[in-house]
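From first to last, the protein sequence lines stand for chains A and B. Residue numbering for the first sequence is 1 to 138, as defined by our numbering. Residue numbering for the second sequence is 1 to 73, as defined by our numbering.
Any given hint could turn out to be false.
[Stated by the list, open to error] Restricting the straight-line Cα-Cα distance to at most 30 angstroms, the calculated cross-link-like pairs of lysine-lysine (DSSO-like) are:
id	chain 1	residue 1	chain 2	residue 2
1	B	K44	A	K134
2	A	K134	B	K54
3	B	K60	B	K44
4	B	K54	B	K44
Hints listed in this document are in silico derivations from the structure and should not be mistaken for laboratory results.
One-letter residues, chain by chain:
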Amino acid sequence: MARYSHRRYQVHTAILMAVYAMLLVWLWPQMNATHATGLKIVLALTPLLPVVAVVALMARYVMASDELQQRITLLALGIATSVVSAASLVGAFLAMAHVWVTDGSVLVWIFPSLCFVFGLSRILLTRRMAGTWKFWAC
Amino acid sequence: MEILGLLMRNRVRELREARGWSQAELGERLDVSRQTINAIETGKYDPSLPLAFKLAREFKQRIESMFEPDEER
Numbered sequence: 001m002a003r004y005s006h007r008r009y010q011v012h013t014a015i016l017m018a019v020y021a022m023l024l025v026w027l028w029p030q031m032n033a034t035h036a037t038g039l040k041i042v043l044a045l046t047p048l049l050p051v052v053a054v055v056a057l058m059a060r061y062v063m064a065s066d067e068l069q070q071r072i073t074l075l076a077l078g079i080a081t082s083v084v085s086a087a088s089l090v091g092a093f094l095a096m097a098h099v100w101v102t103d104g105s106v107l108v109w110i111f112p113s114l115c116f117v118f119g120l121s122r123i124l125l126t127r128r129m130a131g132t133w134k135f136w137a138c
Numbered sequence: 001m002e003i004l005g006l007l008m009r010n011r012v013r014e015l016r017e018a019r020g021w022s023q024a025e026l027g028e029r030l031d032v033s034r035q036t037i038n039a040i041e042t043g044k045y046d047p048s049l050p051l052a053f054k055l056a057r058e059f060k061q062r063i064e065s066m067f068e069p070d071e072e073r
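Could you put together the complete structure from these sequences and hints?
In structure tokens form, the structure reads like this:
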């Protein structure tokens with residue numbers, strides 16, 4: 001399989017994230033203005049499309065990388081999932097105890113948090129396992 | 001300390017240098033990144049069995065003559 005370069009992955013991801021941001025800015029006011037439940041659901045879920053595309057791009061990137069890169073990526077994903085799941089549980093228990101008052105909108109931070117912890121873990125694991133800070137090369 | 005599993009000692013660097021190949025060149029021959037070759041050579045990463053066989057085939061060596069358990073670590 002031809003290697004899907006980090007540069008192309010970055011460009012494609014940046015385009016999709018720009019689309020995501022534009023969709024949020026464009027659709028949010030319309031969603032608040034509409035009263036039809038069906039239309040509200042469509043408008044609320046439309047920004048998910050570029051996010052799903054980013055996840056698909058990431059899967060393509062991982063499948064096209066070599067075994068060390070895959071191992072680093074999967075370890076980073078495991079760390080990110082564990083950390084964010086544990087943090088979500090802490091938040092959930094605090095909310096259930098009424099110590100932390102929040103609504104469902106806080107869930108919107110789960111995916112960005114996962115991406116952040118994944119990125120950080122990947123950089124540190126690349127340093128540890130491949131001996132370089134150039135995480136994009138690994 | 002390796003993150004998962006034991007590490008092996010290997011002769012990849014010695015054999016690569018004897019042929020005058022760069023890490024990038026060997027990586028291209030094996031369809032892996034230069035960083036992966038570097039990690040194998042510096043003992044930070046043990047290749048999978050298929051990659052170890054590809055390495056042995058590339059250097060026309062027996063696999064057991066290229067890799068051995070590192071008892072000292």
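Holds or violated: K60/B to K44/B, with C-alpha atoms at most 30 angstroms apart | holds (24 angstroms)
Given the hint that K134/A pairs with K54/B, test it: the Cα-Cα distance must not exceed 30 angstroms.
-> holds (25 angstroms)
Within 30 angstroms, alpha carbon to alpha carbon, are K44/B and K134/A?
-> holds (16 angstroms)
When you check the alpha-carbon spacing of K54/B and K44/B, does it fall within 30 angstroms?
-> holds (19 angstroms)
This entry satisfies every hint, going by the numbered hints stated previously.
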